[in-house]
Amino acid sequence: MSLLLLLALLPQDAVAQADTPLTVIDTTPFGLERSKPHSLAPAGALGEGMIMARGELTWKLDFNEQTYMGLRDGTQQVGASTILSTWATTVEDARMNRWDLEARYGLSDRITLAASLPLEHREVTWSDGTNSGTSTNEGLGDVHLGSEMRVLETESSRLTAGLGVFAPTGEHNHSGPWAGQANVLLPYGLQLGGGAWQGTAQASWILDGGIWTLGLGALGTLPLNKNDQGWARERSLMVDAWIARGFWTNWVMSLRAQASGFSDVRGEAEGLDPFQNPMEDNGRVGGDRIDLFAGLAVDLTPGHGVGSNRLEIAAGFPVYEDLDGPGLAADFSLRFGWRLGF
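With our numbering, letter number 183 in the sequence shown gets 183, and the count goes up by one each step, no holes.
Be careful, since some hints might not be right.
Said to hold, decoys possible - Below are the EDC-like pairs computed for lysine to aspartate or glutamate, each with C-alpha atoms no more than 16 Å apart in a straight line: (1) K226 to E268; (2) K226 to D264; (3) K226 to D273; (4) K226 to E171.
Claimed, not checked - Simulated restraints on C-beta separations: (5) L57 to T134: 19 to 27 Å; (6) V151 to A88: 45 to 53 Å; (7) H174 to G74: 13 to 21 Å; (8) I111 to F317: 30 to 38 Å; (9) G267 to L107: 31 to 39 Å; (10) T125 to L214: 38 to 46 Å; (11) A115 to A88: 24 to 32 Å; (12) V319 to S175: 23 to 31 Å; (13) G261 to S156: 40 to 48 Å; (14) D109 to W59: 18 to 26 Å.
Since the hints were derived computationally from the structure, they do not count as laboratory data. Please read all numbers here as calculations on a predicted model, not as lab measurements. Heads up, the beta-carbon is just placed ideally off N, CA and C, and yes, glycines get one too.
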């Protein structure tokens with residue numbers, strides 16, 4: 001609410017500047033996303049919707065961190081003593097972060113190809129009531145390959161859609177220290193990959209309202225097969241809605257709400273014991289969550305076009321969570337990125 005008030009109270013000269021189209025050197029035939037600083041989707045938005053001109057290349061480097069605190073069953077936080085009355089060990093907190101290097105290339109003025117290379121770090125702190133420790137895993141995650149198409153565009157709105165796949169490049173059977181054991185198969189949440197192909201589908205709709213821009217997005221993932229350990233990542237569906245407002249010619253503030261739904265893991269991994277720790281139970285992975293995010297972005301070289309050299313940051317927290325738990329309870333998320341176009 002306070003950020004909405006701040007957006008509303010921005011100086012009118014700043015808003016007027018933000019509403020004025022920038023001088024764009026590399027104008028595309030369909031230029032809605034290049035006309036104003038707030039015409040681009042904010043950091044983390046689903047189905048980003050930025051379509052390249054033919055032959056245009058954009059690089060984007062993203063950092064995303066999600067922290068977790070304790071366990072939740074349904075909508076209720078569950079204490080360690082309750083967990084240890086049923087399981088041998090419990091989870092105290094967790095931290096997952098990921099670097100993504102993405103390349104987007106304009107195959108034509110309507111179709112953009114994208115590839116994303118993730119480097120991940122995952123760590124979970126466990127306890128058996130007497131002893132505790134931290135288990136970690138880091139390395140290459142599942143690479144994403146996709147395409148996005150401009151479906152429809154008017155002077156004030158744009159609809160895009162895309163399809164893609166996650167390739168099984170991340171390790172899905174990593175072993176290491178876990179829950180007091182020296183070298184065992186790590187649970188699903190500590191594996192960097194799914195070991196199987198996953199299909200993705202996304203869509204994005206953006207409406208230019210003058211000094212405001214509104215957006216809707218959706219992203220779904222579906223495992224296409226099981227891995228050689230007999231399990232597959234959870235299915236997921238995420239939708240979001242956002243509002244952005246530009247000020248001082250090249251700055252943007254935004255608010256975004258995201259709803260996410262995840263299924264449980266399909267199949268069971270041999271070597272995991274669902275009675276050892278809730279994270280080893282394939283039926284306690286799914287759930288639903290709603291997050292709120294506030295974001296800020298700046299175009300460093302506005303004379304070369306919106307998004308050609310942009311820094312962006314967003315921070316968020318969950319306002320609702322219902323897990324098929326006990327499962328890791330989300331706490332805080334942070335995302336920042338740098339976009340550079342040629």
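Hints, one by one, checked against the model:
no.	hint	verdict
1	K226 to E268	10 Å, holds
2	K226 to D264	14 Å, holds
3	K226 to D273	19 Å, violated
4	K226 to E171	14 Å, holds
5	L57 to T134: 19 to 27 Å	40 Å, violated
6	V151 to A88: 45 to 53 Å	52 Å, holds
7	H174 to G74: 13 to 21 Å	30 Å, violated
8	I111 to F317: 30 to 38 Å	36 Å, holds
9	G267 to L107: 31 to 39 Å	36 Å, holds
10	T125 to L214: 38 to 46 Å	40 Å, holds
11	A115 to A88: 24 to 32 Å	42 Å, violated
12	V319 to S175: 23 to 31 Å	37 Å, violated
13	G261 to S156: 40 to 48 Å	31 Å, violated
14	D109 to W59: 18 to 26 Å	20 Å, holds
Hint check: violations occur at hints 3, 5, 7, 11, 12, 13; the rest are consistent with the structure.
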